[in-house]
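S.K.: Residue numbers (the UniProt record's numbering), protein chains in the order written: chain P, 1 to 497; chain E, 1 to 157; chain C, 1 to 323.
Hints in this document: simulated from the structure, not taken from any laboratory.
Possibly wrong hints are sitting among the right ones.
[Said to hold, decoys possible] Using 27 Å as the maximum straight-line C-alpha spacing, the simulated DSS-like pairs for lysine-lysine come out as follows:
1) C/K114 - C/K180
2) E/K111 - P/K249
3) P/K246 - E/K117
[Said to hold, decoys possible] So, partial list: chain P residues that the calculated Cβ filter (under 8 Å) puts toward chain C:
4) V325
5) A336
6) G342
7) G346
8) S410
9) M413
10) Q461
[Unchecked claim] Pair by pair, the computed Cβ-Cβ distance ranges are:
11) P/N377 - E/P94: 36 to 44 Å
12) C/M233 - P/V486: 52 to 60 Å
13) P/P471 - C/A176: 38 to 46 Å
14) P/L137 - C/K229: 36 to 44 Å
15) P/F8 - C/D217: 19 to 27 Å
All residues carry an ideal CB built from backbone N, CA and C; glycine is no exception.
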Amino acid sequence: METLQAIFHALPAVLAWHNVLAMVVGTLAGMVVGSLPGLTATMAIAVLIPLTFSMSPLVALGIMAGIYNGAMYGGAVPAILLNVPGTPPSIVTTFDGYPLAKQGRAALALKVACWSSAIGGALSAISLMALAPPLVLVTLLFGPSEYFWLGILGMSSIAILLGKDPIKGLIAAAIGLLLGTVGSDVVTGQQRFTFGRLELIDGINLLVILTGLYAIPPAIRMIEKRYSENTERIEIKGHPDDGFFKNFKYLLPTWLRSSLIGIGVGILPATGGSMAAFLAYNEVRRTAKNPELFGKGDIRGVAAAETGNNSDNSAAMIPALVLGVPGSGVSAVILAGLLVHGLQPGPQLFRDTPDIVYGFMWQMLFTSFMLFALGGNIATRLFSQVMRLPQVILAPMIMCLTLVGIYALSNDMFNVWIMFGMGIVGYILNRLDFPLAPIVLGLVLGNMIEQNLRLTMLIHQGDLTALIASPLSKVLFGLCLILCVVPIFRRLRRAKS
Amino acid sequence: MSFRIAECSAAAGMILLVIIGWFQISDLPTDARMFPAALLLIIGILSTALLVRGIIGKAAHFLNDEAKQWRFAISGKRMFIGFAMLALYFLTLPYLGFFTTSFILIIGIAKGAGYHKPIPLICSALGFCIFVYAIFVALFERPLPEEFFVTLLSTSF
Amino acid sequence: MTKPRFSLSLIAAIGLTVLSSTAAIAQNYPDHAIDVIVAFNPGGGTDVAARTIEPYIEKYLGEDLVIINKPGAGGEVGFSLLATGKKDGYTMGFINLPAMYSYSYERDTAYSPKSFTGVANLVYDPGVIVVRSDSTLKTLQDLVDYGTKNPGALPIGTSGSIGSSEHIAILGVEAATGAKFNHVPFGATAPLRTALLGGHIQVAAFNLSEATEYVKDGSMRLLGVMSDKRNAMSPDTPTFREQGVDVISGSSRGLAVSAGTDPKVVAILSAAVEKAVNDPEYLAKAKAAGVPVHYIGGADYDVFLSQVSASLDAAWAATPWSK
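For reference, chain P alone in the conformation it holds in the complex (with noise of 0.2 Å):
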């Protein structure tokens, strides 16, 4: 009762006129900063924490509340229109998303993504706001065996990532996770192909190799045709059965589904927006009755990817506020934007200045419902302007906008070397039907898995059975066997019919 009290004590605060402009200005800001390759929500409120000094506490975070739920919706927008996904997470976006457009269906599946990333944004934040206390308990029941575990089961969602030849998705799997042991080893300290540059010390950041996977491949096939030859381009017109409650009743158990995927991957710190899409469109397609349809340009591949990826958003500030550890790359720059203002995060943060706290629940949920507003009509029709450009002109400016954000990742040319290696790869596996998916999912994984791994067998000196000592261990273990095996299963079967 005492919550429920303290939580709309917080309420009048938030709908200030000064602080609903500023979660108008920071979901607006954040949907452009995520719909460029390059640029993401972390970055975005990393560089903005020293300009809110001097603003009021609640004004600061409204700003990046909105940051943060716009970027995760506006990566949707090129991964949908162009096949480039604007942030790691809306890779799976482009699975069903891109098929769409190129079926005349742009519209359709841009509101899709929005609606998605509003309710999976909005049933976030009301389990922050309801359950943040107990919910840190789930978090604290995860210890190195559990995300070990916890690793695998994410890349058990590789088996529908393989493609049509599953041993080329394997190897772009296994490319991903030997990505991802590039740098220090953190166990030994040992250096792991860096060949001897500091650079390569702190590993190959996911936003490089994503670019250069994603954004150069495409750009170079577009300029490929001479501008008269170029006849494909992706319309973005409206449909009649475009409607939200049209769609309702067949996107509804798909948003139920991944936002309670999204919302558990979120309070698990260490595993992010990327892992609860992957994961939730993957349990969209387990269940579905159909799951033939999907990749091929089904609306609830893109629901499954959207709401999984922002009902993330809010459930990753649960340990991030209660506990000081965030789950996200995002959460963690809120966390220093917090302490900026005085503001450290623990349990005494709930006990001293509910109303702010409170108010950024609110916020989050506030920013969330604007997406509905600010994303649909006014960010479709933004977006078809761009959409209009000849792709020859296209190309290029894809091009200097995924140097402009690897460029200020350190602020020099070693990162965007490594991008421009990496497009010329990703052009040659794209063009020999290598997936490139299973790559990224590697790269986000293979650390958690690893490290994990080896700090299991250091506390227990080497005992295997260490893995499963814990019950929750033996749950999470018992579902990645499931999960693994019954494809395989249902695969041979299927073979043999």
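Take the given structure of chain P and dock chains E and C to it, following the hints.
M.R.: Chains E and C in isolation, oriented as in the chain P frame:
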């Protein structure tokens, strides 16, 4: 180049990289080496499978008819020029500055690809530069390589 | 929203520049903006600390500071840039000790402890060993006894990697007492702290400021602080030395310039930082954010730097932690 040859060369290339990688990590202590070594082994084995499959002629099995019309690039020459221009862009950018080089790149590529309407072209290139300036430099204060012309003007001034 | 502040500070900066130049300081230093290298990502701990103090240093120096993030190799990229940078006083950088020095033992670095001249230390955060509050280990002595009777059996998590200040401190405890522990590097404080709270690891070593809130709310217990005297943040916790284990360790963060910079310039910078650190507004902010501010300036800082370097030399000679 047929799909089969392309696939075989990629597989061979990967096997070569695996061997190089194997030597790279050969002097690491066992526990740091274990994971990357296992991965290299997996890539090596699978690439070998790919290579063998290609040699005995089953490579294009999964593409069926697509494989027959398969070409590595829509236009090999243009692909090569595209990558070369991108490399040139990255090379000159630290010296000439972001906006100057980007402006040249956009106009150069569009012209090269046969787009000959000067006014829309210059407008979109300018619009792009203004957009990037507004978002990255003015709003987010991201430092970009300094403009050669601006430095030149300000120092002579 | 930010515009008024910007123009105000600009006017203030111009005004102060005029003032300081009329005060006839040698070479009119500073007469343009000073680059400050932060060797970590935007939004990281060092970056936030840097951006928090930046306006206060600007206020007393009368010149703009431009923060440049140069992340990479745990800070080594940025430290190297600082060491090899210009010696005109317009390039300054944040240094993190002992991490910055300890890299030199593990690999060839482009700098040595002699490559830097300290401007001022800002933060000092002593190392601690913590357990969950329900642990059977009540004192440091219990821990040492356990480690002596069961050598290598007790895992102790540290927030860094091999060669972090916590790792070296544990090596120090082992050398001082003859106990043996099982070192488990978690790589960062956040996952380690959750693992400790969740009971996945029993003992952990990290920095005091990262533990105080959890000690206050009763979920963790401090076994000791690795500083020479008790710390104001937790005055009831005995030091290691009091408990008979002579280990002093902690991480510190300060400002430095490349060695060879004009001492007068360093003195000007140092004075501005001292005023900034004592600005009540800054102190209030730092306290709220739980930053353990600890100013050491001028010659004292040089002494401090050489002490850190000497103790690392000693630790390396006793037990090299990496090959």
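S.K.: Looking back at the hints listed earlier, which ones does the structure fail to meet?
M.R.: Of the numbered hints, 1, 2, 3 and 9 do not hold.
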